[in-house]
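Work out the full structure, taking the sequences as your base and the hints as a guide.
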Amino acid sequence: MRKIIAVIMSVLLVVSMLAACSQPTRQTGGGGAKKKYAIIVKSTGNPFNEKQIEGFREAIEELGGEVIAKAPDQPTAEAQIQMIEELIAQKVDAIAIAANDPDALQPALQKAMKQGIKVLSFDSAVNSQSRMVHVNQADAERIGRIQIQAIYEMIGGEGDIAILSATSQATNQNTWIEWMKEELKDPKYSKINLVKIAYGDDLRDKSVSETEALLKSFPNLKGIIAPTTVGIAAAAKVLTDKGLKGQVQLTGLGLPSEMAEYIKNGVCQWMYLWNPIDVGYLAGYTAHALVEGKITGKEGEKFEAGRLGEKEVIKVDDGTEIMLGDPFRFDINNIDEWKDVY
Amino acid sequence: MFSKKTLNTRKIFFQWEWMLVLIFILINIINSLISPYYLNAGNLLNATMTFMDKAFILLPMTFVIILGAIDISVGSIVALSAVIMAVLYNTGVPMPVAMAVCIAVGTLCGFINGILIVKFKELSAMIVTLSTMIIYRGIAYIILEDRAAGKFPAWYTFLGWGYVAGIPFSLIVFAGLAVIFGLVLHKTTFGRRVYAIGNNAVASRYSGIEVDKIKLIIFTVTGTMSAVAALFLSSRMGSVRPNVATGYEMEVIAAVVLGGVSSQGGKGRMIGAVLALFVIGFLRYGLGLINISSQVLLIIIGLLLVFAVLIPNVRSKLKIKVRR
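First to last, the protein sequences are chains A and B. If you count the first sequence from 1, position 295 lands on 301 in the working numbering, and the numbers rise without skipping. If you count the second sequence from 1, position 208 lands on 190 in the working numbering, and the numbers rise without skipping.
These aren't lab readings, by the way, just hints derived from the structure by calculation. Model, not experiment: these values are computed from the prediction. Any given hint could turn out to be false.
To be verified - With a Cα cut of at most 27 Å, we get these calculated BS3-like pairs of lysine-lysine: (1) B/K133 to A/K304; (2) A/K187 to A/K202; (3) A/K270 to A/K222; (4) A/K212 to A/K194; (5) A/K187 to B/K133; (6) B/K133 to A/K117; (7) A/K42 to A/K270; (8) B/K133 to A/K321; (9) B/K195 to A/K120.
Stated by the list, open to error - Selected chain A positions facing chain B (in silico; Cβ < 8 Å): (10) P53; (11) P78; (12) D79; (13) I87; (14) Q96; (15) V201; (16) S263.
The beta carbon of each residue, even a glycine, is placed where N, CA and C say it ideally should be.
Laid out in structure tokens, this is it:
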């Protein structure tokens, strides 16, 4: 009989553990009539995503709302669909999402919009039927072209180059890569040969092994462009470890805090990024403007976005966007002042 | 000690299915305490939609594990059959035909698994399905090359998102299939033979049971049901990529084992596996409603599994002690 009691006790132990895990969130959840703003990023453990959440939180706290932040453990659309369902059940007022797939979230997000939830995408867009507006960090064309121009300068105008991207469905990465290909059509790049686009899935190990595979398969590789923060850091580590500094050039989009070491040791001469905190901050103010009815996501509407000043909704392809700004160049001269920021 | 009352309490504690019912009730009580949004019939029915795609694979997987085998290629079969369906639809094939092909592809994949397992007895089901898991997903990647396909017609959304009389369509289909699979397992000669093979395949063979034929049928049906899961999943997603359903095999096997089906084979009931599926599904949903981070969620489900695997051992020791 004592053993049976032991079994019951262990069940109770698990149960109380579950209850204990939920305790802190419950306290923050009891905020009363505050408007609820949800943010879903691509995956956990991505520092860039964490900074976006930080910016979103900053904006919503300025505006007196409540933030619900969610990050799936795998960068998949399936996981994000489940999270959207959970948010609909919680009756949030707005959902801001960085999508893992542009089309796969359409049924879920349309369901949310039907229930009166304001939906916007940021960073990585969903298709225009699945959102009211998209918050874009910078002009995709400029981001794409500028990276080709950078690698052109670094490798002295000729040789094999490769791209190390995130997942193959990441909308933003794919658009930039399209613009890179567009830039490469210019006759001045005739001696540059884009040999492969590899996908590291924004996972550190996979990005490392993809970089190693690139180096093995293309011994004449002169340059790598990694338009993803996880990818560029992984590639920089591989190039440093293998002592390939100067032989294989590296540029792309990276976090100053993670790349400072490699910009200082010369593996990556310079790279670009915007401020993910500002992307999240702008997404927060946009969500608020939608919830308060100041904007509806139509072309030409304007609203005040806190410290970023006035922003305007513009038309892009078949949807609308709000643009944050241009990508910023980080090099040996300014990396020290930025590496502690993010 | 041996009055009728104590016998009943003993039954409740010694039958895992009853423990699962208790756990299920507890989880619902806790969830409704921690989230004000949990106890809402509409929301709970919606929540079932998020794990119904896996649920279809759970039914044949229970048979596979009672056989004493395992099939870890199911996630890849889902991906391959969904990818072929989406690509066909995008090249102009009518959707109903593409759906039929999806089922055919899944069935063929399962049949290949079955043939390999039956013909090469020196290879365990684990090794065979590990190989086909890699091959099937590999083919999906060759076909679609890291791209997405689909944008299915509007009516197709009904499968994964539709309701009949306020109940999710996927749940209705699952309930119907669960009853059929349960009846076959527990009420037919076929079902009894599955248990016999799981307990002792060699003895079953000598007593005239067509072990190979039964194995082949079960692995083929597992493929078919994976394709059914692919239909519902792709309907929910609206578009398909080669990496869909990654890790589904582990989640399904976990639910079956939590359901009290012995990984050694020969033991377990369909109702246990189905209950366990709802336990895990509702636990995930409840914790999602209070926005617990996904890593913590994984740890909690992991602990629940360890607990489930340990309990039968503790119980069997207990039984011996109580008898003494």
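Verification of the supplied hints:
{"no.": "1", "hint": "B/K133 to A/K304", "in the structure": "25 Å, holds"}
{"no.": "2", "hint": "A/K187 to A/K202", "in the structure": "12 Å, holds"}
{"no.": "3", "hint": "A/K270 to A/K222", "in the structure": "26 Å, holds"}
{"no.": "4", "hint": "A/K212 to A/K194", "in the structure": "33 Å, violated"}
{"no.": "5", "hint": "A/K187 to B/K133", "in the structure": "26 Å, holds"}
{"no.": "6", "hint": "B/K133 to A/K117", "in the structure": "17 Å, holds"}
{"no.": "7", "hint": "A/K42 to A/K270", "in the structure": "43 Å, violated"}
{"no.": "8", "hint": "B/K133 to A/K321", "in the structure": "23 Å, holds"}
{"no.": "9", "hint": "B/K195 to A/K120", "in the structure": "51 Å, violated"}
{"no.": "10", "hint": "P53", "in the structure": "15 Å, violated"}
{"no.": "11", "hint": "P78", "in the structure": "6 Å, holds"}
{"no.": "12", "hint": "D79", "in the structure": "4 Å, holds"}
{"no.": "13", "hint": "I87", "in the structure": "6 Å, holds"}
{"no.": "14", "hint": "Q96", "in the structure": "5 Å, holds"}
{"no.": "15", "hint": "V201", "in the structure": "16 Å, violated"}
{"no.": "16", "hint": "S263", "in the structure": "22 Å, violated"}
Of the numbered hints given earlier, the model fails hints 4, 7, 9, 10, 15 and 16; all others are met.
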